[in-house]
Amino acid sequence: EVQLVESGGGLVQPGGSLRLSCSASGFTFNSFVMHWVRQAPGKGLEYVSGMSNKGGSTYYADSVKGRFTISRDTSKNTLYLQMSSLRPEDTAVYYCVKDRGYGQRCFDYWGQGTLVTVSS
Amino acid sequence: DIQMTQSPSSLSASVGDRVTITCRASQSISTYLNWYQHKPGKAPKLLIYSTSNLESGVPSRFSGSASGTDFSLTINSLQPEDFATYYCQQTYSSLYTFGQGTKLEIK
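As given, the protein sequences belong to chains A and B, one line each in that order. According to the working numbering, the stretch in the first sequence is residues 764 to 883, in order. According to the working numbering, the stretch in the second sequence is residues 33 to 139, in order.
It cannot be assumed that every hint is accurate.
Partial chain B-side listing against chain A, Cβ under 8 Å, derived [said to hold, decoys possible]:
| # | residue |
| --- | --- |
| 1 | Y64 |
| 2 | Y81 |
| 3 | P112 |
| 4 | T123 |
| 5 | L127 |
| 6 | Q132 |
No lab work stands behind these hints: they were computed from the structure. Since the model is a prediction, treat every value here as computed from it, not as a measurement. Where a beta carbon is used, it is the ideal one built from N, C-alpha and C, also for glycine.
Please put together the full structure from these sequences, using the hints given.
Rendered as structure tokens:
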């Protein structure tokens, strides 16, 4: 059974940093592209970042480019999102997502999300 | 970046109704269009992938179609469990943008 478990969320002051983790199990982690998606309170889903299966390619939304860094550790089956220079508008539930791959480019498994609150 | 314009933003309907939600892409995205259902406090769920392919386990009352850069999600015979927010998503470009969402409420 595929499982994605996020951790690392919490309250942080504007300008601060936080690192989210996503522990993956139930599939061959280094075979799939992985992503982060967020949902701010009362807003819709927003694509944040993605990383290719071997880590050679990364993708970032304009809203986080230069401030967030995605990475993965295949030895630990874990995806990360390092967030710095955080702003109140980064407040959201952050979801770790698995890409189905095989040319189908859709998100077939989602974690339950971790809440990040940026506030003084 | 590719923009996805989803409409309507909200919709009221009754159990048993047929509803259609649309999404327009700002440029050609081939068939790289997915639909998700999202309920409060839960993870989003994949319904339709690649425009018209029903995800395993999703009821057949859900269907997807396209005409050029216009895409549609249709739900036939609405059931109580279908009241949720629905999002389209393009995966043609490397930044997989979502539509703004459609909140489907009970009339």
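Against the structure, the hints:
Among the interface hints, the one on Y64 (chain B) holds; its C-beta lies about 6 Å from the nearest C-beta in chain A, closer than the 8 Å criterion. Hint status for Y81 (chain B) relative to chain A: holds, with the closest Cβ pair at about 4 Å, below 8 Å. For P112 (chain B), the suggested interface contact is broken, since its CB lies about 23 Å from the closest CB of chain A, more than 8 Å. Given the 8 Å rule on beta carbons, the hint for T123 (chain B) holds: about 4 Å separates it from the nearest Cβ of chain A.
Checking L127 (chain B) against chain A: minimum C-beta separation of about 6 Å stays under 8 Å; hint holds. Interface restraint check for Q132 (chain B): the shortest CB-CB distance to chain A comes to about 5 Å, inside 8 Å, so the restraint holds.
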